[in-house]
Amino acid sequence: MPESMSYYLKSLLFLIFIALTSETLQAQTTVPITITNQGHVMVKAKINGVEGNFVFDTGAGLTLVTKKFAAKIKGLNKQDGGYTAFRATGEKLDADLYDATSLTIGSFTETHPVLTIFDVDFGPIDGLISLMSFKKQVVTLDYANKQLIFETPKSFDALKTNGKTVALQLEISRDKSLDMFAYFNINDKLNLQFSIDSGSGNNVYRINSKYMPVLGIDSTDTVNVKVTTKPSDFNPAVLTKIYTTNLQSIALKDLPSAKLENQKASFVEGLIYDGIVSLSWIGRKITIDVNHAQLIINE
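Per full-length UniProt numbering, the sequence shown starts with residue 1, numbered consecutively.
Just so you know, these hints were derived from the structure itself, not from any lab.
Take the hints with a grain of salt, since some may be wrong.
What the hints assert, rightly or not - Below, computed lysine-lysine pairings styled on BS3-like, alpha-carbon distance capped at 30 Å:
no. : residue 1 : residue 2
1   : LYS154    : LYS164
2   : LYS67     : LYS136
3   : LYS259    : LYS160
4   : LYS135    : LYS264
5   : LYS230    : LYS241
6   : LYS241    : LYS226
7   : LYS146    : LYS44
8   : LYS226    : LYS253
9   : LYS176    : LYS160
10  : LYS264    : LYS241
11  : LYS92     : LYS46
12  : LYS67     : LYS241
13  : LYS160    : LYS78
14  : LYS74     : LYS46
15  : LYS74     : LYS189
16  : LYS253    : LYS154
17  : LYS189    : LYS44
18  : LYS92     : LYS226
19  : LYS146    : LYS160
20  : LYS46     : LYS67
21  : LYS253    : LYS264
22  : LYS176    : LYS67
23  : LYS72     : LYS46
24  : LYS78     : LYS68
25  : LYS67     : LYS146
26  : LYS78     : LYS136
27  : LYS160    : LYS285
28  : LYS92     : LYS78
29  : LYS264    : LYS176
30  : LYS146    : LYS136
31  : LYS230    : LYS264
32  : LYS230    : LYS259
33  : LYS67     : LYS230
34  : LYS189    : LYS154
35  : LYS46     : LYS146
36  : LYS285    : LYS164
37  : LYS135    : LYS67
38  : LYS46     : LYS189
39  : LYS136    : LYS92
40  : LYS230    : LYS210
Could you put the whole structure together from the sequences, leaning on the hints where they help?
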């Protein structure tokens, strides 16, 4: 074979290799998820190579593992400082922080994640994975096909073209904790900023009890309002009073088609937010773009 022809073939093969490699790197990757009866999104993940069962939790703030699971992991290094967090009910939690080497979900890997460890019993759940892992990675929750999808720039552009955009407000605390919020219209009277919490499960609509009077809800109405108290998962001595009744309507301000009517809701005393809602009812395919503070809804 002439030298020029050999050089040409080698160059052609190299270009084909680069094209195929580029296509592979730009392809979407997916991992299966499990939706529990309570509506929690469960995903397999590895921390420092140790696999566990985790809740994909947009309301967790920071990533958490149970003490039992942490005992299996090597290479967790405790930071000198800590972090004081507040649960949505106002309960104070003092968290020690640990540096891990990696957090891996399918082909996605976050290097040097920071997490906390708590001595809690979540049954078969080993911990919670927060939005902190996805500050730079666009991710889609596909409830219909039970997949967590790691988007590429190309696939994300297609989603934006076909989907509906919802503006998010992000709460980032000391670059350690991250939560997402959006505005919701309640009973066509109030526009309130709610935490969107995939970790809360199905049909969760919690509102600060201070809004009950303006919504015309009487806390002493024993016929239409049920009063209960709930102990904390972290400290059973901490009790929260909850008023359960029906709302006329709740709708996502940027996406009025995401609306529920005559919906049971809980009004919670001491809630530090306007409210909290679960994620799945907003759409069957929800893309979270933390970097640009937006959701893309493909219904």
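Against the structure, the hints come out as follows:
Restraint check: the Cα-Cα separation between LYS154 and LYS164 comes to about 17 Å, which is no more than 30 Å; the hinted pair holds. Proximity of LYS67 to LYS136 is assessed by CA-CA distance (about 28 Å); at most 30 Å being required, the pair is judged to hold. Pair hint LYS259 plus LYS160 holds up; C-alpha atoms about 21 Å apart against a cutoff of 30 Å. Only pairs whose Cα atoms come within 30 Å are accepted, and LYS135 paired with LYS264 is rejected, the gap being roughly 33 Å.
A C-alpha spacing of about 7 Å is found between LYS230 and LYS241, which places the hinted pair at or below 30 Å, so the restraint holds. As the CA atoms of LYS241 and LYS226 are separated by approximately 10 Å, the hinted pair is consistent with the 30 Å bound. Taking the CA atoms of LYS146 and LYS44, the gap is about 13 Å. The hint holds against a cut of 30 Å. Between the alpha carbons of LYS226 and LYS253 the distance comes to roughly 28 Å, so the proposed pair stays at or under 30 Å and holds.
Among the hinted pairs, LYS176 with LYS160 is consistent with the structure: their alpha-carbon atoms are about 29 Å apart, no more than 30 Å. The hinted pair formed by LYS264 and LYS241 meets the criterion: a straight-line CA distance of about 16 Å does not exceed 30 Å. As the CA atoms of LYS92 and LYS46 are separated by approximately 28 Å, the hinted pair is consistent with the 30 Å bound. For the hint linking LYS67 to LYS241, the alpha-carbon distance of about 29 Å falls within 30 Å, and the restraint holds.
The suggested pairing of LYS160 with LYS78 is violated, with an alpha-carbon distance near 40 Å, which exceeds 30 Å. The straight-line distance between the Cα atoms of LYS74 and LYS46 is roughly 12 Å, inside the 30 Å bound, and the hint therefore holds. A C-alpha spacing of about 53 Å is found between LYS74 and LYS189, which places the hinted pair above 30 Å, so the restraint is violated. Restraint check: the Cα-Cα separation between LYS253 and LYS154 comes to about 28 Å, which is no more than 30 Å; the hinted pair holds.
Distance hint between LYS189 and LYS44 is unfulfilled; the C-alpha atoms sit about 42 Å from each other, more than 30 Å. With a CA separation close to 27 Å, the supplied pair LYS92 and LYS226 stays within the 30 Å bound. Taking the CA atoms of LYS146 and LYS160, the gap is near 21 Å; set against the 30 Å cutoff, the hint holds. Restraint check: the Cα-Cα separation between LYS46 and LYS67 comes to about 15 Å, which is no more than 30 Å; the hinted pair holds.
Restraint check for LYS253 and LYS264: satisfied, since their Cα atoms lie roughly 19 Å apart, inside the 30 Å limit. About 20 Å separates the Cα atoms of LYS176 and LYS67, which keeps this hinted pair within 30 Å; it holds. Only pairs whose Cα atoms come within 30 Å are accepted, and LYS72 paired with LYS46 is accepted, the gap being roughly 11 Å. Restraint check for LYS78 and LYS68: satisfied, since their Cα atoms lie roughly 16 Å apart, inside the 30 Å limit.
For the hint pairing LYS67 with LYS146, the CA-to-CA distance comes to about 28 Å; that is within 30 Å, so the pair holds. With a C-alpha separation of about 25 Å, the suggested pair LYS78 and LYS136 falls inside the 30 Å cut-off, and the hint holds. Using a Cα cut-off of 30 Å, the hinted pair LYS160 and LYS285 holds, with the two alpha carbons roughly 12 Å apart. Among the hinted pairs, LYS92 with LYS78 is consistent with the structure: their alpha-carbon atoms are about 21 Å apart, no more than 30 Å.
For the proposed pair LYS264 and LYS176, the alpha carbon gap of about 34 Å is over 30 Å, so the pair is violated. Straight-line distance between C-alpha atoms of LYS146 and LYS136 comes to about 22 Å, which keeps the hinted pair within the 30 Å bound. Between LYS230 and LYS264 the CA atoms are separated by roughly 17 Å; this keeps the pair inside 30 Å, and the hint holds. At most 30 Å may separate the alpha-carbon atoms for a hinted pair to count; LYS230 and LYS259 meet this at roughly 28 Å.
Simply put, LYS67 and LYS230 have alpha-carbon atoms about 24 Å apart, close enough for the 30 Å limit, and the pair holds. A threshold of 30 Å between alpha carbons decides the hint, and for LYS189 with LYS154 the separation of about 40 Å lies outside it, so the pair is violated. Pair hint LYS46 plus LYS146 holds up; C-alpha atoms about 19 Å apart against a cutoff of 30 Å. Between the alpha carbons of LYS285 and LYS164 the distance comes to roughly 11 Å, so the proposed pair stays at or under 30 Å and holds.
Distance hint between LYS135 and LYS67 is fulfilled; the C-alpha atoms sit about 26 Å from each other, no more than 30 Å. Proposed proximity of LYS46 and LYS189 is contradicted: the alpha carbons are some 45 Å apart, above 30 Å. For the suggested pair LYS136 and LYS92, the alpha carbons sit about 29 Å apart, so the restraint of at most 30 Å is met. For the suggested pair LYS230 and LYS210, the alpha carbons sit about 18 Å apart, so the restraint of at most 30 Å is met.
Hint check: violations occur at hints 4, 13, 15, 17, 29, 34, 38; the rest are consistent with the structure.
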